[in-house]
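Student: Single-letter residue listing:
There are 2 protein chains.
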Amino acid sequence: MKVIKFGGSSLASSEQLKKVIQIVSDDATRRCVVVSAPGKRNPADTKVTDLLIRYADAVIAGRDYHDLAQEIIARYQEIALGFNFTPEDFAPIKRAILNLPLAKYPDNNYLMAAFKAHGEKLNAQLIARVFNLVGIAAQYLDPAEAGLIVTDVPDDAQIEPTSYINLRKWQNNAKVLIVPGFFGYNEHGNICTFSRGGSDITGAIMARGLNADLYENFTDVDAIYSVNPNIVPNPHAIGHMTFREMRELSYAGFSVFHDEALIPAIQGNIDVNVRNTNHPEAPGTIIAAQIGHNKNYPVRGIAASKHFCGLYISKYLLNKEVGFTRKVLNILYKYNVGYDHMPSGIDDITVIIPEANLTPDIEQSIMSELQTTIQPDEMHMIHDYAIVMVVGEGMRDTLGVMARSTTALAKAGIRLQMVNQGASEISIMFGVAQDKADLAVSALYGEFFKQN
Amino acid sequence: MKVIKFGGSSLASSEQLKKVIQIVSDDATRRCVVVSAPGKRNPADTKVTDLLIRYADAVIAGRDYHDLAQEIIARYQEIALGFNFTPEDFAPIKRAILNLPLAKYPDNNYLMAAFKAHGEKLNAQLIARVFNLVGIAAQYLDPAEAGLIVTDVPDDAQIEPTSYINLRKWQNNAKVLIVPGFFGYNEHGNICTFSRGGSDITGAIMARGLNADLYENFTDVDAIYSVNPNIVPNPHAIGHMTFREMRELSYAGFSVFHDEALIPAIQGNIDVNVRNTNHPEAPGTIIAAQIGHNKNYPVRGIAASKHFCGLYISKYLLNKEVGFTRKVLNILYKYNVGYDHMPSGIDDITVIIPEANLTPDIEQSIMSELQTTIQPDEMHMIHDYAIVMVVGEGMRDTLGVMARSTTALAKAGIRLQMVNQGASEISIMFGVAQDKADLAVSALYGEFFKQN
Chain A
1 MKVIKFGGSS LASSEQLKKV IQIVSDDATR RCVVVSAPGK RNPADTKVTD
51 LLIRYADAVI AGRDYHDLAQ EIIARYQEIA LGFNFTPEDF APIKRAILNL
101 PLAKYPDNNY LMAAFKAHGE KLNAQLIARV FNLVGIAAQY LDPAEAGLIV
151 TDVPDDAQIE PTSYINLRKW QNNAKVLIVP GFFGYNEHGN ICTFSRGGSD
201 ITGAIMARGL NADLYENFTD VDAIYSVNPN IVPNPHAIGH MTFREMRELS
251 YAGFSVFHDE ALIPAIQGNI DVNVRNTNHP EAPGTIIAAQ IGHNKNYPVR
301 GIAASKHFCG LYISKYLLNK EVGFTRKVLN ILYKYNVGYD HMPSGIDDIT
351 VIIPEANLTP DIEQSIMSEL QTTIQPDEMH MIHDYAIVMV VGEGMRDTLG
401 VMARSTTALA KAGIRLQMVN QGASEISIMF GVAQDKADLA VSALYGEFFK
451 QN
Chain B
1 MKVIKFGGSS LASSEQLKKV IQIVSDDATR RCVVVSAPGK RNPADTKVTD
51 LLIRYADAVI AGRDYHDLAQ EIIARYQEIA LGFNFTPEDF APIKRAILNL
101 PLAKYPDNNY LMAAFKAHGE KLNAQLIARV FNLVGIAAQY LDPAEAGLIV
151 TDVPDDAQIE PTSYINLRKW QNNAKVLIVP GFFGYNEHGN ICTFSRGGSD
201 ITGAIMARGL NADLYENFTD VDAIYSVNPN IVPNPHAIGH MTFREMRELS
251 YAGFSVFHDE ALIPAIQGNI DVNVRNTNHP EAPGTIIAAQ IGHNKNYPVR
301 GIAASKHFCG LYISKYLLNK EVGFTRKVLN ILYKYNVGYD HMPSGIDDIT
351 VIIPEANLTP DIEQSIMSEL QTTIQPDEMH MIHDYAIVMV VGEGMRDTLG
401 VMARSTTALA KAGIRLQMVN QGASEISIMF GVAQDKADLA VSALYGEFFK
451 QN
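Protein chains in written order, with the numbering used here: chain A, 1 to 452; chain B, 1 to 452.
Derived from the structure by calculation, the hints contain no laboratory data. A hint or two may mislead.
[Unchecked claim] Cut-off 25 Å, straight-line C-alpha distance, at most; resulting in silico cross-link-like pairs (BS3-like, lysine-lysine): (1) A/K315 to B/K47; (2) B/K40 to B/K94; (3) A/K334 to B/K94; (4) A/K411 to B/K334; (5) A/K334 to B/K334; (6) B/K327 to A/K315; (7) A/K295 to B/K411; (8) A/K19 to A/K169; (9) A/K327 to B/K315; (10) A/K411 to B/K411; (11) B/K327 to A/K334; (12) B/K19 to B/K175; (13) A/K327 to B/K327; (14) A/K450 to B/K411; (15) A/K327 to B/K334; (16) B/K450 to A/K411.
For clarity, every value in this text was computed on a predicted model and none was experimentally measured.
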C-alpha cells in the first residue's frame, strides 16, 4: 500500500481537490491520504494557516476576530460548494471554526498550536466527506484516534516512538484513511504541532507506521531539479536520488523538503516519490536509501546557501597549542552558537556558522571573549559568505569531480574562500562571496549537466 | 652585522672548517658565529653528538666508556691537527671530554644534556682558537657568560625572554663571537638543551638578541627547493620565501629547518638566508616576513608527509547535534591526542591526527569510547593516509590554483580523500593514499613549475 500526501497548493480549491480525487481513484493501493491545510490559489492569496495565525493573534490580544473567522469559513465553504455540500453537511466545519476561541488551553502557546492545526484537521474532515460523496469509501482519522503521540512542545513537537506501534492497527483498514498533517497530541491530549515541513513529517510517520511500500508526496513541481530553476532555467530533473543526497542538498538550500521531514521514511526504509498534483502522469523523483549511478552524471545536484558566515582566526603556531580548537568551541558553546564546519590551515581556522545563529550582540561578545582568551594574531567575521555544494554519491567512484568543479569556478572568475571535502566523498563544499553564489551554481551546472 | 650559523656537516673536518674560515673572512659584518657539533664526514660516519649520547649511556649504565671517550677526542683532534695545534693547545678539549663523567649532575637527564651539549661547546672553543691562529680576532662566548637562560627542561628547554636583554651588551663586541648552539643554562646553572633543530634555534636567538641585519644559516644544500629532490630530480630552487610559507612546508615534511627554530628570527623580524658552506657563491634562499610574488609562480613549494592518519566518523544528522565535535575533541583531549585538522561533510567529520600521537592501545581506547559516547553510524581509522600540501602566499592573488592542482591530480589518477582550504588561502591540503603521495607531489610540481 501507499501513503500519499498532498501539499497546500494541491488542496487550495475545489478545482484542485478534484485532481486529488482522480489521483487517489487511479490507484487502489493508495490507502492513506495525508493532507495539508488549503494553500494559496494564486500568488496574491493567503494560506488558511496564516489566516488561523491571525485569528489566534486576535483572540489572544482580545481584538475583534469575527471577520477573520468568516474569512476562514469562506475558504472551506468554497471547496464544500464545489462538491454540492448541503448547509447541514458543512455545519460541523463552520461550528468548529467559530468554537475555537471557546475551548480551554493550558496557555497561549497551546492555543496557537490548536488554531494552526485546525487548518489540516478541518480540511481532512471536509475531504473525507467529499471522498464519500464522490464514491470513495474513506474515513477521517484524527491523530488522537490514530495514537499519534508527540513530545510536549506546542510548536516544535517530536514524534514519540510508541506512535509507530499504535499506528500498526490501521495498516489494513477497510476504508481509505484521511489524516491531517502537521500535528499530534501530547500525553495530556493537547494539540502540539511539528515545526517546519509539518505535513511532510506526518506523511513520513504514517508511511513508517503503516509500513507502506511507497510514500508519495504530491506537490506542485514535476520533480526535484538538479539545480534551482530560478538560477538555471529548465534544469535537469532528478529521476532518482538517495536520502543522503537529498539531505546534503537540502542543507545547502534545496527547498522541496525540509530534510528532517524524511527521517521517519528513512528509519522505515520507505522510498519517497515526489510528484506533481497538476501533472500526475510525470514520474517525479524517487528518493531511496540506495540507487544505482549513471557514470555520465557523477553529480546529482548543485545548491547554494547564502545564510552562513565565516569566523576566521589566525595565530602563529596555532596547531602547536593543544586544545586550541576546544577553547574556541567552548566559547561558541557558552553562547549557544552552533557551527557547521571548521576547515583549517596550519595556523588558522575558519569556523562556518549559520547566520541565524548570530545576533550582532552575540557576535560582539564572542569576538571579545575570543580576543582575550586565545589572543589571535588576526580575527574577523566574514559576513559576505555563501556555501556552494556539489552533491552526488557517484562522485565516490569518479575521479576528477573536484578538478572539474574548481576549473569551472576558476573559468567563471570565482575566488574560493574555502574548500572542504572529507573522507565521505559524497559532497564538496565551497565558500564563495555571496554575490558570486548564483554564478558559481550556474558554472557548476554547466560543467556537470550541460556537456553530457 | 650578521649572525652566521654552521651545521654539523660544515664542521665535520678540518677540511670543512677551512671553508668556514674563508666564509667568515670574506665578510667583515659576520660578527657572531654559531656552531654545531662536528657532523658526518661521509655517509657511514657517526655524528659527535651521537658518540656523546653513547658515552653518556655507558656512564649511566656503569659500562666501560674509555674507547668512546677516545673516539670523541680523536674527532676533535683531527680538526685540531689540521691547524697545527700543539698538544698544549689541545689539552683543554681532551681534559674536558675525559672529565665529563666526574662532574655532579642533578640527575641522569641533566647528565645526558651536559654530555650532548659538549659536542657544540668544545667545538666552539676549538674553533675560537683556530680563528685566532689563522688571524681572525675571535672569542668563545659561553651561553652562561652570554646570559642565555632557558627553562628547566633538560632535553626540551625554551628560551627565557630575559636572555634577549642579556645578549644586548654583546652587540658591538670587538672580537668575532663564537657561540655553541643547542643549549643554554637554567637558573641553577645546569645545562639544558633545546629539542630538535637546536643549533638553528641558538642562531635565531643570537640574531634576535644582537639585533642582526641578517641571520645566515649555512648548511650543505645550495637552496631550499620547491619540492623534495628525492622525488623530483633537480627541482626549482626557491630564491625568496616568507616565514609562513616555510612553516607550512616544514609542517608537511620539508626538512631543511624545524619550523620552530625560526621563531626568534620571526619575532625579531630578521631575515634568514639559507646557504651552502660548500658552495658559498650561491645566493641561497632568503626567508623573510614579506616578499614580492612572481605572478607566474603562485606556488612556492609542494610537500608531502606520510605521518598522518584520518579518523572518519559519520552519523546521520550529525550536524544537528550541538556539541558533537566538542564531544569528539574532549575524548581525544582526555587521551592527550592532538589532532591537526577536521574537515567535515554534513553528516561526517574526518579528524587528521599525526601518526606519532597514537599508539595501538590509545587508538583502541579512543575508538571504543567514541563508540559508546557518540554512537556513530560508521567509524574507522584510515592509516594509509598522506597529506600533500601546495603552499604559496601568491595563491591568494591568483585564481585557479585549486583548479590546476586538482586537475593535475586527477590526470595522475589520484583520488582525493580530503581537501581542506580555509580563508587564509596560503595553502591547500589534500589527503591521499600513502602510496600515491610521491606521485601527487610530482604531478603538482609538473603543473606549477615545469610549464612556466
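Student: Run every hint past the structure and note whether it holds.
Tutor: The hints, checked one at a time:
1. Among the hinted pairs, A/K315 with B/K47 is inconsistent with the structure: their alpha-carbon atoms are about 37 Å apart, more than 25 Å.
2. For the proposed pair B/K40 and B/K94, the alpha carbon gap of about 20 Å is at most 25 Å, so the pair holds.
3. Proposed proximity of A/K334 and B/K94 is contradicted: the alpha carbons are some 63 Å apart, above 25 Å.
4. Restraint check: the Cα-Cα separation between A/K411 and B/K334 comes to about 47 Å, which exceeds 25 Å; the hinted pair is violated.
5. For the suggested pair A/K334 and B/K334, the alpha carbons sit about 20 Å apart, so the restraint of at most 25 Å is met.
6. Restraint check: the Cα-Cα separation between B/K327 and A/K315 comes to about 24 Å, which is no more than 25 Å; the hinted pair holds.
7. Proximity of A/K295 to B/K411 is assessed by CA-CA distance (about 18 Å); at most 25 Å being required, the pair is judged to hold.
8. This hinted pair does not check out: A/K19 and A/K169 have alpha carbons roughly 29 Å apart, beyond 25 Å.
9. Of the pairs offered as hints, the one joining A/K327 and B/K315 holds, with about 24 Å between alpha carbons and a cut-off of 25 Å not exceeded.
10. Proposed proximity of A/K411 and B/K411 is supported: the alpha carbons are some 19 Å apart, at most 25 Å.
11. Proposed proximity of B/K327 and A/K334 is supported: the alpha carbons are some 14 Å apart, at most 25 Å.
12. At roughly 20 Å between alpha-carbon atoms, B/K19 and B/K175 fall within 25 Å of each other, so this suggested pair holds.
13. Using a Cα cut-off of 25 Å, the hinted pair A/K327 and B/K327 holds, with the two alpha carbons roughly 13 Å apart.
14. Restraint check for A/K450 and B/K411: satisfied, since their Cα atoms lie roughly 22 Å apart, inside the 25 Å limit.
15. As the CA atoms of A/K327 and B/K334 are separated by approximately 14 Å, the hinted pair is consistent with the 25 Å bound.
16. Only pairs whose Cα atoms come within 25 Å are accepted, and B/K450 paired with A/K411 is accepted, the gap being roughly 22 Å.
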